[in-house]
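Undergrad: Sequence:
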Amino acid sequence: MSHLWDAAVGVAYDLVTGLTSALTPVAGGLAAAVAIVVFTACVRLALLPLSRRQARAGQARLRLEPRARKIRERHRADPVRAHQELAALYRAEGTSMWAGIGPSLLQLPVFSVVYRMFLSPAVGGHANLLLAHTLLGAPLGERWLFGAGAFGPHGLVFLALFAALAVVGWWTSRTMYRYQAPPPGALGKVMRVVPFTTLAVAAYVPLAAGLYLLTTTIWTAAERALLWRGPVTA
Numbered sequence: 001m002s003h004l005w006d007a008a009v010g011v012a013y014d015l016v017t018g019l020t021s022a023l024t025p026v027a028g029g030l031a032a033a034v035a036i037v038v039f040t041a042c043v044r045l046a047l048l049p050l051s052r053r054q055a056r057a058g059q060a061r062l063r064l065e066p067r068a069r070k071i072r073e074r075h076r077a078d079p080v081r082a083h084q085e086l087a088a089l090y091r092a093e094g095t096s097m098w099a100g101i102g103p104s105l106l107q108l109p110v111f112s113v114v115y116r117m118f119l120s121p122a123v124g125g126h127a128n129l130l131l132a133h134t135l136l137g138a139p140l141g142e143r144w145l146f147g148a149g150a151f152g153p154h155g156l157v158f159l160a161l162f163a164a165l166a167v168v169g170w171w172t173s174r175t176m177y178r179y180q181a182p183p184p185g186a187l188g189k190v191m192r193v194v195p196f197t198t199l200a201v202a203a204y205v206p207l208a209a210g211l212y213l214l215t216t217t218i219w220t221a222a223e224r225a226l227l228w229r230g231p232v233t234a
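Sequence positions in the sequence shown follow full-length UniProt numbering and run 1 to 234.
For the record, the hints were derived by calculation from the structure and aren't laboratory data.
Incorrect hints may appear among the rest.
As the list claims (entries may be wrong) - Now the in silico label distances, taken between C-beta atoms and shown as ranges:
| # | residue 1 | residue 2 | range |
| --- | --- | --- | --- |
| 1 | Leu226 | Ser21 | 47 to 57 Å |
| 2 | Arg72 | Gly94 | 15 to 25 Å |
| 3 | Ala166 | Pro79 | 41 to 51 Å |
| 4 | Pro79 | Ala27 | 39 to 49 Å |
| 5 | Leu199 | Cys42 | 17 to 27 Å |
| 6 | Arg91 | Leu199 | 19 to 29 Å |
| 7 | Ala132 | Arg72 | 49 to 59 Å |
| 8 | Glu65 | His126 | 24 to 34 Å |
| 9 | Trp5 | His75 | 29 to 39 Å |
| 10 | Asp78 | Ala46 | 18 to 28 Å |
| 11 | Pro79 | Ser21 | 56 to 66 Å |
Source: prediction; values computed, not measured.
Heads up, the beta-carbon is just placed ideally off N, CA and C, and yes, glycines get one too.
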C-alpha cells in the first residue's frame, strides 16, 4: 500500500515540477508558486463532480430536515422506528441520510497525496527540489514556526499568507449558515471558529503547503457559494 502511496506522490510531484519548468519563462522566480496554485486548481476542478454530488445531497438534507425533525420527535422513545421512518423519507425523495459522505471520503486520499508532496523533504528517493524554490524570497520549504518567525527576513511573506487565510476564514464563517440554522449552543460557536484553524496549520507546515491550503480554501468558499445557492426549503 505504501508503494502505491509513494507512486501517487511521485506523479503529483512530476506534474508540479513539470508545470514549474513550463511556467519559468513567463513567471520567472514565481514559477513554482504559480505552479502550485495551478495544480491545486486543476485537482479541485477534477473533483468538481464529487463536490456537486455532495452539495446536492446537503441541500436535500436541509430541505427534508423539518420533516425529519418531526419524525425524531414523534418517535423519541423508539429510535428503531424513527430510523426506519427517516430512511423511508429519504428514500422517497431519492436520497439517503448518508448521501454526500461518500464523495467527501473519496476526496481525502487526493488531498492527502498533495499535502504529503508539499511536506516531504524527499520524493522518490531524491530531494524534493520543489521546496528549494522561493516565493518573494521565502523558500517554499520554510516553516513559519521553525524558521521565518514574525520578524524574520521572510516573515512578511508568511504574514501576508496568514492575512489572506484569515479573510477566507472570516468569509466562510460568515456564510457557512446562509442556508441552514447553526447548531444550538456552544457547538454553533465552535463551528464558526473552525474555518480559522487553517491559520494554525499554515503556521506549522512549509510555505508550499500553506500556499496550497490558501488556494484550496478559496476554491472551497467559491464552490460553496456557487453550488449551494438557491432555495432549499420544502
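Undergrad: Hint by hint, where does the structure go against what was stated? Just the numbers, ascending.
TA: 1, 4, 6, 8, 9, 10
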